[in-house]
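S.K.: The lines below spell out each chain.
Protein chains: 4
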Amino acid sequence: MKRIAILTAGADAPGANAAIRSIVRSAYHMDMEVLGVRGGFAGLLSDDVIILTSKSVSGILPRGGTILGTSRTRIDEAQVQTIREVMDRYRITVLAVLGDRETMASCDLLTQHDVPVLALPLTIDNDINGTDETIGFDTAVTTIAEALDKLHTTAEAHHRVMVVETMGGATGWLALYGGIAGGADFIVIPEVTVEKDKIVNHIYRRRESGRGFSIVVIAEGAKLPWLSNTEGGVGHALAQEIQDATGMETRITVLGHQQRGGSPTVQDRLLATRMGMELVNAVKQGITGKMVALTGGKFELVNFDLAAQVKMADKELYNLAELFY
Amino acid sequence: MKRIAILTAGADAPGANAAIRSIVRSAYHMDMEVLGVRGGFAGLLSDDVIILTSKSVSGILPRGGTILGTSRTRIDEAQVQTIREVMDRYRITVLAVLGDRETMASCDLLTQHDVPVLALPLTIDNDINGTDETIGFDTAVTTIAEALDKLHTTAEAHHRVMVVETMGGATGWLALYGGIAGGADFIVIPEVTVEKDKIVNHIYRRRESGRGFSIVVIAEGAKLPWLSNTEGGVGHALAQEIQDATGMETRITVLGHQQRGGSPTVQDRLLATRMGMELVNAVKQGITGKMVALTGGKFELVNFDLAAQVKMADKELYNLAELFY
Amino acid sequence: MKRIAILTAGADAPGANAAIRSIVRSAYHMDMEVLGVRGGFAGLLSDDVIILTSKSVSGILPRGGTILGTSRTRIDEAQVQTIREVMDRYRITVLAVLGDRETMASCDLLTQHDVPVLALPLTIDNDINGTDETIGFDTAVTTIAEALDKLHTTAEAHHRVMVVETMGGATGWLALYGGIAGGADFIVIPEVTVEKDKIVNHIYRRRESGRGFSIVVIAEGAKLPWLSNTEGGVGHALAQEIQDATGMETRITVLGHQQRGGSPTVQDRLLATRMGMELVNAVKQGITGKMVALTGGKFELVNFDLAAQVKMADKELYNLAELFY
Amino acid sequence: MKRIAILTAGADAPGANAAIRSIVRSAYHMDMEVLGVRGGFAGLLSDDVIILTSKSVSGILPRGGTILGTSRTRIDEAQVQTIREVMDRYRITVLAVLGDRETMASCDLLTQHDVPVLALPLTIDNDINGTDETIGFDTAVTTIAEALDKLHTTAEAHHRVMVVETMGGATGWLALYGGIAGGADFIVIPEVTVEKDKIVNHIYRRRESGRGFSIVVIAEGAKLPWLSNTEGGVGHALAQEIQDATGMETRITVLGHQQRGGSPTVQDRLLATRMGMELVNAVKQGITGKMVALTGGKFELVNFDLAAQVKMADKELYNLAELFY
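Chains as they are written, first to last, in the UniProt record's numbering: chain A, 1 to 325; chain B, 1 to 325; chain C, 1 to 325; chain D, 1 to 325.
Errors might be hidden in some of the hints.
Claimed, not checked - Partner residues are not named here, just some residues of chain D that face chain A (Cβ under 7 Å, in silico):
{"no.": "1", "residue": "G64"}
{"no.": "2", "residue": "G65"}
{"no.": "3", "residue": "R89"}
{"no.": "4", "residue": "T93"}
{"no.": "5", "residue": "A147"}
{"no.": "6", "residue": "T154"}
{"no.": "7", "residue": "Q240"}
{"no.": "8", "residue": "A245"}
{"no.": "9", "residue": "T246"}
{"no.": "10", "residue": "E249"}
{"no.": "11", "residue": "I252"}
{"no.": "12", "residue": "V254"}
{"no.": "13", "residue": "G256"}
{"no.": "14", "residue": "H257"}
Source of the hints: derived by calculation from the structure; they are not laboratory data.
Everything numeric in this text was worked out from a predicted model, so none of it was measured.
C-beta atoms are modelled at their ideal positions from N, C-alpha and C, and glycine is treated no differently.
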């Protein structure tokens, strides 16, 4: 009988539990057994392994976080041998790894050493290559958009600028999608360098046309060479620059780890559920060494070396977003 | 200078305003003018036409409903001539119609008479052919899933069955997606006939395995020949049958028109925004007689005769959903 | 060392877990021990008792339902002796009961037999006497108001009536508060008999003044003698009558058990937390035989015979609500 | 015929529109007329006055912000005469002012000069004296609690501290109530000075007892003498200190103006509606020079000199909150 061991690795994201539930229930329908590894790869290295039944995953679909816990341990070659031993000891057919881009690099290493592994893309950052969407992204975008909705309803009487700092160290997916969905008046992402004058002039133009209220969204990893002091974060620095340049009251919102939390959206629940089914299907067919991906509306299996590369935010969409400024 | 006239027709759906905003802002960036027709085709027949500027659509992105109003009037051949005259009088280049499946049939008629029209698929029912998703569907599914989440948190101490009736007269998209996303224990849709025993036995099996609480989702258009008295709705009739057959307390929730309301989800805002851009792009290229569609993750233009056909719910997914019962 | 045993009885309500957490944490700060009884009074009769530590209640604050489970068993005199024996066996100083109005009658019986018991008013119905508010009421009202908000955003183009049936078998608190908070156009509660003409004429007047859309909220326990066939619920029957009388399309929403679910509102979390503290404070002072109440913004202890009486909905407020129709 | 003129002044808060709607509808039922002043006192000084009918306020109940706009202009003695003239010109019987604590000082000045004014306490800060609650407070607390809920669901695997900065320049109401409702592990408010060691040791103790994850809530106006560099806000400075002292990864969330936005909660809708009714009732009785207050569950009228004083956060509750750390 085939036996799948699930682990979540890297930063957590909403939808992890929905994916775990899907793998467990799909596996039992196909007469496979399922184990759960607690605390990511570290748990595997320290034998923290439990049995997951259909009932263990009852009620977890709408919950944020992950019932298995996670850790950031990236594995090295020395650890591959230990992982193989643990897998043998527990008679694990395939390791089902749910994680972020860095986790896919670990999966790539395991695959190179013939350790049987399959993975699901789980990250709010949406920066995993080879898939159009990652589990958790839509929920995080929703958190950003709801914050912008709230900012929009507050008084517009004054000439005031709101700067909102989102997550996204390497890529601007969250800022871009959250900004568009929340009706931002300017979006700053790591992929595109913007001159200070462009932002300031845009705020001026809005004020002149009677809209004294502007919302600027910036990804935490945005690199603007003209920001002098980013010790308190780029959002804070940008707010200071705008206030100095325009004389308008400028306030900051730093969304922080809220973006990793909350109940997954319908979109993320469905994506996690479908991807979990696809993973079990691959196990059934004896396939390993692949990540489940969604490309052009279809589920596919892609290689880990591809998945581990950074997928940059869509610049064409970034340019289109300017239509709404 | 090109001039677009927007109208919303048929039952409304969340995301209509996001789409209107997108068309208006995209059009002004391309130096086109935009008019708004109030009250659907009826408004066009009675000259209820206003000017829409970039500022008219400020702040409408997160709002449910439609600022233009709607009506269910399906047009006939006699009205086509009047519509043409109104369009000439207002020098309208293209009519941009946002509406449901029946509306696409009206657009088909207009196209057959060479009236220049483009459309966006706007309906919570997701039953328009030629597109993977319609604007409003994700929000309605979210409303259903949130209702199921609430039902799940209430006491499971008793052997109790909850029947939830969703919208969906001809197709089961809402019940199917809402049911999966909300973790339903049984889903009944118009596309699939289910024996009473199958439902009852499933509820028994769950009770025997210690889960005395079951949630059954049924689309309002489901046709179960063994339901005797559906005067109070199929949900009510199904609840009665289950209670009689199992002796378990069975309660009903009828979601009703709530499913048409609420602020659009991120998914619907982005879909509406992207589709609005695509429509204006088609106007720029001089294309008419098409509906904007999303197929395999790509935006396309499809013919109205195709769009006006019913798209039935995905039976393969329905069968997969049983894995989670 | 004093030892408190907590149990939840009757229909559950949001905030139960917040109250349990509060009792546990407050008790440990005062060097008391806490047990949890699973499944209400039935659990006490069958020795289903666990130990609750500060850590057992970690993370339960925002969760709906109750981690202890509940049952509807109303106790009789024969059971009182068994309860006393179980309490002796587990060396329980005080039984802390969280429950609805009927549960307060059971607490009254226990008190008459000198079984030491304290209670918190936990019910979405808000019908417990002696307290201004019960835990769970605000959350249920919020669920109703959000449903009405969604109905309000959907198309108002047609002359259409929406009937919304809320819980409330004996009293109209939920319908009244939910209706006011959600901007209902007419509210029907068990405490007040309304003529059919009054409702129908009001809907007519609204239509004549240009508001063709009306929302009527009715409590499930409302008794309108002119409703002919209430087999499918009073909401359904009322919708039918209105449609027949006005010729306007009339649709029904039955909120059902959703109203018992969901994460408690801030108001309910604070009320549950404060009341839990007060209960432990009473234990410390050696007081028993009382329910914690909130009266005029102050926490008090009231007798069970008072609490077990029905508190009818505020008729003065009902009359004031007419101002907003 | 009596004529009321409504204006909103100071920072806006959710529930303003619910209050405006209540005043308008209550007034028309009592045969009074209602005007709306746009942009606060500034609008009164510049004749920006509109007529409000029952229909003008249709649909505004659930909306954040204020349909009348606001401004921060505090009035001086020179302006009182102009205000009186405008009121005479428009034949205004009473000025109905919705605003924050500073606004009550302006109302006090007007009252001293015999200008007829009545007011409602509208501020998220809850710092207006003489009333237990202000309109907008519950909604802002809800925003804080929801952010904390999201933080709680994200991974607890690492030893990590989350610092959340709330509004509250002079008082700690928001931090205190939001912190309790959201299950914070430490709360810092302007009213209480805390030693660094107390916070750090508490975080250590939690880590030792297996809870490596701590959430610290701090009001933006908290004054901790041991915070070295608060240029980027006290939240950022506190996070830095905790990280330096504990070596634990510490992240910051700055909620910012989100706290002023969003749809009002049921609690705020009901409070605003009831207070609006009370204000109109006072007009009917010919009373002026008072603010509507809620004290001990009862509506009262209090003097402006009292209301303009700061109401500090409840220290007893602050101490009780420690039970839950």
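S.K.: All hints are to be evaluated individually against the structure, with a verdict given for each.
M.R.: Quick rundown of the hints versus the structure:
no., hint, result
1, G64, "holds, 3 Å"
2, G65, "holds, 5 Å"
3, R89, "violated, 24 Å"
4, T93, "violated, 26 Å"
5, A147, "holds, 5 Å"
6, T154, "holds, 4 Å"
7, Q240, "violated, 9 Å"
8, A245, "violated, 18 Å"
9, T246, "violated, 17 Å"
10, E249, "violated, 10 Å"
11, I252, "holds, 6 Å"
12, V254, "holds, 4 Å"
13, G256, "holds, 3 Å"
14, H257, "holds, 5 Å"
When the structure is compared with the earlier hints, violations turn up for hints 3, 4, 7, 8, 9, 10 and for no others.
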